[in-house]
Each structure stands twice: as structure tokens, then as C-alpha cells.
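Engineer: Quick mapping for you: the protein sequence lines, in order, are chains A and B. The opening residue of the first sequence carries number 1 in the numbering used here; numbering runs sequentially from there. The opening residue of the second sequence carries number 299 in the numbering used here; numbering runs sequentially from there.
These aren't lab readings, by the way, just hints derived from the structure by calculation. These numbers come from a predicted model, not from an experiment. Glycine included, C-beta positions come from ideal geometry on N, C-alpha and C. Watch out, some of these pointers could steer you wrong.
As the list claims (entries may be wrong) - Once the Cα atoms are required to be at most 20 Å apart in a straight line, the calculated EDC-like pairs of lysine to aspartate or glutamate come out as:
1) A:Lys-76 to B:Asp-566
2) A:Lys-76 to A:Glu-91
3) A:Lys-76 to B:Asp-427
4) A:Lys-117 to A:Glu-151
5) A:Lys-76 to A:Asp-104
What the hints assert, rightly or not - Partial chain A-side listing against chain B, Cβ under 8 Å, derived:
6) Gly-30
7) Leu-33
8) Pro-74
9) Lys-76
10) Leu-92
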Amino acid sequence: MPEFCGIALGHPVVNASGTYDAIAARRVFGDALFADFPFSAFVSKTITPRPRAGNSPQRIWETPAGMINSIGLPNKGLEGFLAEDLPQLAELPVPLIVSAMATDREQFSRMVEALGKREEIAAIELNVSCPNVESGLIVGEQPGETEALLEALRPLTAKPLIVKLTPNVADPGAVAAAAERGGADAVSLINTLKASAIDPHSSAPALAAGHGGLSGPAVRPIALQQLRTVDAAVGIPTIGMGGIASGADASEFLAAGASLVAVGTENFRDPRAGSRVAEELTSTASQRPAPTPVLDLE
Amino acid sequence: MEGHPLPRPGVAGPAPFGRRRCEVSANRASDGYRVFSLLDREGPEPRPGQFYMLATAAHWPGPGERPFLPRAISVAETAPAADGVRLDFLIEGVGPGTDRLCGLVPGEDVWVVGPLGNAFAEPREVNGDAAGAILVGGGIGVAPLALLRRSFGERGVPLRVLLGFRNREHSGGLELFCGSGGDLCPEVRLASEDGHRGHRGYVTDLLATMLAGDDATSAVVYSCGPPAMLEAVRSLCAERGVTCELALESPMACGFGACFGCAVPKPDGTYMRLCVDGPVVRGEQVAEVTHA
């Protein structure tokens with residue numbers, strides 16, 4: 001039984017933020033979802049201080065062994081989340097980790113204080129892949145910004161704070177170390193890689209936002225290397241993710257130092273992927289990793 | 299009329315949780331399209347308008363690492379089978395995913411999630427004054443209307459069916475609108491842009507004529523097809539005060555509300571997720587049907 005920041009978990013597989021809506025999935029699949037919940041902890045989609053509609057379509061584009069998304073963080077805002085979603089997420093059979101983002105420290109502080117007061121929430125993941133409107137810099141791309149944000153948030157809650165690292169930096173280890181210095185309990189990585197696609201029919205950018213984030217098995221070797229770099233730079237636990245689609249994939253991330261792994265894009269292909277990865281991890285724990293089905297070209 | 303009683307809307311249970319393997323039992327040409335059948339041993343019977351996420355168990359992805367994501371495909375017909383439910387899908391190869399599905403071989407397995415999404419409602423549920431139904435399909439969008447036509451026919455809903463195609467290469471599925479004798483059902487009228495069959499022109503020409511009648515508001519229009527056709531249907535119905543239900547399409551990675559990719563703009567500037575809020579929407583729920 002893995003323990004993560006003092007939280008006891010049934011297995012080491014959680015979901016990547018933004019890749020599973022447990023409330024919508026329960027409407028679709030009924031109570032079977034909760035009876036056979038695929039993750040040992042559930043990470044919510046990122047919530048922001050105020051409601052967001054999200055980006056204009058087109059929002060997703062398939063790429064070789066992956067996809068690019070520019071969803072734009074649609075969510076009900078902090079108040080809507082607390083009033084409407086949290087009571088439903090509290091019924092989940094596993095601990096709840098809430099992902100939060102804000103564009104200035106005051107708003108971020110308000111969110112962490114509000115979320116920190118709720119018993120239904122086991123931990124808070126900080127999505128720092130956003131600009132600080134005061135400096136204009138992407139927080140997660142700057143060790144100084146990241147450390148200062150954590151120093152501001154750390155005193156506001158006793159709950160574990162997990163920093164979701166962006167891979168779009170030259171030295172993710174430096175950002176991770178700054179998060180640790182600021183008081184983070186763990187880091188999770190990788191977020192999506194900045195990416196573009198051109199629609200062959202229009203010769204224009206395929207996504208309405210012009211660019212988005214790449215995920216799926218295509219990014220897995222990059223994610224593994226970033227995990228190794230970060231794991232060497234910090235003493236706090238890491239949640240590794242990036243293209244994990246099988247137990248064999250997950251075992252690579254665990255071998256590279258991750259305490260937990262997260263399944264993201266594979267959830268779209270298999271709603272029960274989290275359980276499958278956890279089962280494959282158990283059954284193949286003593287065996288040599290097999291080639292992943294996703295990349296098997298036969 | 300062939301077929302069997304369909305379950306009443308709302309009676310069918312939720313989709314089984316997770317993906318399951320279903321064996322391909324047939325795959326045949328239908329003019330420029332193909333019709334393939336799966337044997338589903340676990341799922342409930344789908345309702346007209348619902349869809350499945352499909353991906354082959356082998357070679358998905360194939361060379362070039364695509365297709366990667368499963369494809370959302372509307373069910374065109376269903377029937378009880380020994381030890382399960384037969385699901386028929388009408389498909390046109392327009393990219394790596396649909397090309398792979400066109401090449402399905404009987405005996406191979408397909409990963410299936412579903413049935414997903416909502417379904418078309420009966421005319422009186424949509425509009426208390428409406429008694430009849432006008433079905434308007436274009437191209438590959440005729441697929442969900444085949445199951446809808448049979449469902450309404452078996453419940454005694456008076457109906458007219460208008461189907462349009464670009465040309466012979468981009469047409470198919472008409473046998474899904476045939477009676478037991480193999481002839482096109484008498485309530486079906488055709489249009490083709492190249493004039494190879496039926497009215498030369500758009501299927502919406504036929505709809506405009508039909509809606510010009512005094513009793514137009516006693517019907518509900520049900521439509522599926524390319525975005526430009528759906529927008530023409532939506533605006534025609536809005537002008538004539540006729541209620542319509544449109545089955546839309548949008549890029550979809552998951553089909554169960556997880557990815558937020560299938561956003562469709564609502565009149566208030568927010569978005570719906572077509573997989574869980576659709577794919578069937580009322581005309582007034584969307585500001586304009588745009589190309590996704």
C-alpha cells in the first residue's frame with residue numbers, strides 16, 4: 001500500500017488533472033464507476049477563481065501516438081466548484097486532490113485558503129503553468145516565481161501542496177528545487193509540451209488557439225528524462241506522468257524515481273485505463289517490461 | 299416492416315463501464331460507404347442518435363502512429379442476436395481512423411465504449427402540438443436516421459424522410475431505409491447534387507417545399523449531416539417556427555465527458571460538451587451550426 005504525503009493509497013496510479021471528469025463519467029457509466037474506480041486518488045480538473053468557458057473550438061487534434069489540446073481550463077470557478085462539484089466528488093471512494101490555478105498571488109492565496117478548509121479535500125495541486133499578471137512571467141518557468149508563490153501559499157494550509165511542473169523549460173530540476181525550498185510537499189510532472197499542428201485542408205493552424213499542449217505516448221521518453229532530472233534535484237516525492245498507457249510504462253516511471261504515476265491521455269482511449277495499469281503493474285512487477293501495445297507496430 | 303420492438307427511451311441502462319472487445323461479424327460495401335456489424339455481448343440496445351467510441355484491437359495505431367484516438371460513430375441499426383446485440387455502423391473513409399474501420403475483417407475485434415450520448419425524442423415530447431416527424435439526412439449523416447425511422451415507424455409516428463447526397467461516390471446506406479421487399483420505403487425522398495438520383499439539388503430544397511405547407515408546425519424535424527446542411531435546416535426551421543432536433547458532430551477524444559474537446563458554442567457564449575450534452579440538440583440550443 002503506497003503512502004503519499006501521509007495519504008494511504010490502494011495502488012500507485014492516479015489520474016492526470018484534466019483528463020477525467022468523475023461527475024460526468026458517473027452519469028455515463030452509472031454506479032459501476034465508483035464500484036470499480038480506476039484511480040487510487042482522484043485529481044480534479046483545474047479550478048480558477050472565477051468561471052471560465054474555455055477556448056473556442058477547435059480544441060483537440062490527433063497527432064502520431066498522441067494529441068494536442070488547447071481546452072482553456074473551462075470550469076465553474078471556485079464558488080461553483082465548492083457548491084456544486086465538491087459534494088459530488090466527496091462521494092468518491094478515493095482521496096480527492098484538487099488542482100487550482102490563479103494569475104496572481106492574492107487570488108491563489110484565496111483559493112488555497114478556501115480549499116484548505118474543506119475536509120473532503122486531501123491535497124492541493126498547484127497548476128503553475130500560467131502567467132503571473134504582476135510580472136508577466138509564467139510562474140512555473142521561473143524558479144524565483146515558483147519559490148515566492150510557494151512561500152506565500154505554504155503558511156495558509158496544512159494540506160499537502162503538490163506543484164505541477166511544466167516541461168517547457170530548460171531546467172525543470174531548478175524549478176522543482178525552488179518549489180521544494182518554498183515548502184512544496186511533492187511535485188508532479190510533466191504537464192503537456194507546447195505544440196502546434198497545421199490543418200492540411202486549410203494550411204492554417206489546426207487549433208483555434210493556434211497552439212496547444214502535446215500528450216500521449218509520443219511524449220513518454222521526454223517525460224522520463226524530466227522525471228530523472230527532477231528526482232535528482234529534490235528530496236520530496238514525485239508523481240510521474242507523460243504517455244503512460246500500460247503497467248510496463250508505469251514501471252519505467254517508478255524505476256526512475258516516481259512515488260506515484262498518473263494516467264492522462266490513455267483515459268480517453270480506455271475509461272478503465274487506471275485500473276488496468278495498476279493491475280498490469282502488479283502482475284508484471286517481477287517480470288521484464290513488455291513492449292507497450294500502443295506503440296507495437298507488429 | 300422488418301425489425302423488432304425497440305426499448306422505450308430511458309429504459310436502457312447506462313453504458314457498461316470501460317471498453318470491451320466486440321467481434322466484427324460483417325463488413326459490406328454500400329455504394330460509396332460501408333456497413334459493418336459488431337456483436338456486443340454486454341451493452342444495452344442503443345437508442346436512435348446514440349454513438350459508440352470505436353478503435354480496432356489490432357493496428358490502432360498503424361504505420362505512422364495513427365489513428366491514435368478512438369472514433370465516435372453513430373449507430374445506424376441494431377437487432378437482437380444470439381448472445382447479445384448486433385450493432386450496424388455506416389461509415390465513409392475520410393481519414394486514418396475511418397479508413398481503418400472501412401477495412402475491418404469479420405472475426406477481428408474492435409474496442410467499444412458505449413452506447414454514449416443522448417437520443418432523439420418523439421415529436422410529442424419535443425413539441426406537444428406535433429404529431430409527425432420529418433427526417434432530413436445528408437451524406438454519411440443518414441446513419442442515425444435509419445434507426446430513428448424504424449423506431450418511429452414501429453411506434454406509429456407519421457413520418458417523411460428526405461435524404462441527400464453529393465454524388466454516387468459520396469452516397470450509401472439506402473438499404474437501411476428499405477422495407478422487407480428491398481424497395482426504398484415509400485416515405486423516403488432523395489436528392490443528389492449531381493442529379494444521379496432523385497431531385498437534382500440539395501435535400502434542404504425538399505425540406506423548404508415541405509415546410510411551406512400550412513401544417514408544417516405539426517411536425518418536428520430531425521436532422522443529421524454536414525454542418526452547412528444542418529445550419530440550413532436549423533435556419534429554415536427557425537423561420538417557419540418548426541421545432542428541430544439536430545445530431546451534431548465535433549472532434550471527440552473520449553466520448554464520456556473527460557477531454558472537453560467536443561465543445562459546441564451555445565447562444566449564451568458558453569459551450570456544451572457534445573458527448574454528454576448531445577449529440578442530439580434542439581435547434582434553439584445552438585446559435586449557429588459551424589464547421590468544427
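Engineer: Identify whether the interface hint at A:Leu-92 stands, where standing means a beta carbon of chain B within less than 8 Å of its own.
Structural biologist: violated (15 Å)
Engineer: Is A:Lys-76 close enough to A:Glu-91, meaning Cα to Cα at most 20 Å?
Structural biologist: holds (19 Å)
Engineer: Does A:Lys-76 pair with B:Asp-427 here, judged by a C-alpha cut-off of 20 Å?
Structural biologist: Roughly 37 Å between the alpha carbons, so the hint for A:Lys-76 and B:Asp-427 is violated.
Engineer: Taking 8 Å as the limit, does the beta-carbon of A:Pro-74 come near enough to a beta-carbon in chain B?
Structural biologist: Cβ of A:Pro-74 sits 6 Å from chain B, so the hint holds.
Engineer: Taking the closest Cβ pair, is A:Lys-76 under 8 Å from chain B?
Structural biologist: violated (11 Å)
Engineer: Using the nearest Cβ pair, does A:Gly-30 come within less than 8 Å of chain B?
Structural biologist: Hint on A:Gly-30: holds, closest Cβ of chain B at ~4 Å, below 8 Å.
Engineer: Check the hint pairing A:Lys-117 with A:Glu-151 against an upper bound of 20 Å on the C-alpha distance.
Structural biologist: holds (19 Å)
Engineer: Grab the minimum C-beta distance from A:Leu-33 to chain B and call the hint holds if it beats 8 Å, violated otherwise.
Structural biologist: holds (5 Å)
Engineer: With the threshold set at 20 Å, check whether the alpha-carbon distance from A:Lys-76 to B:Asp-566 stays at or below it.
Structural biologist: holds (15 Å)
Engineer: Starting from A:Lys-76, check that the Cα of A:Asp-104 is at most 20 Å away, please.
Structural biologist: holds (19 Å)
Comparing the model with each numbered hint stated earlier shows that hints 3, 9, 10 do not hold.
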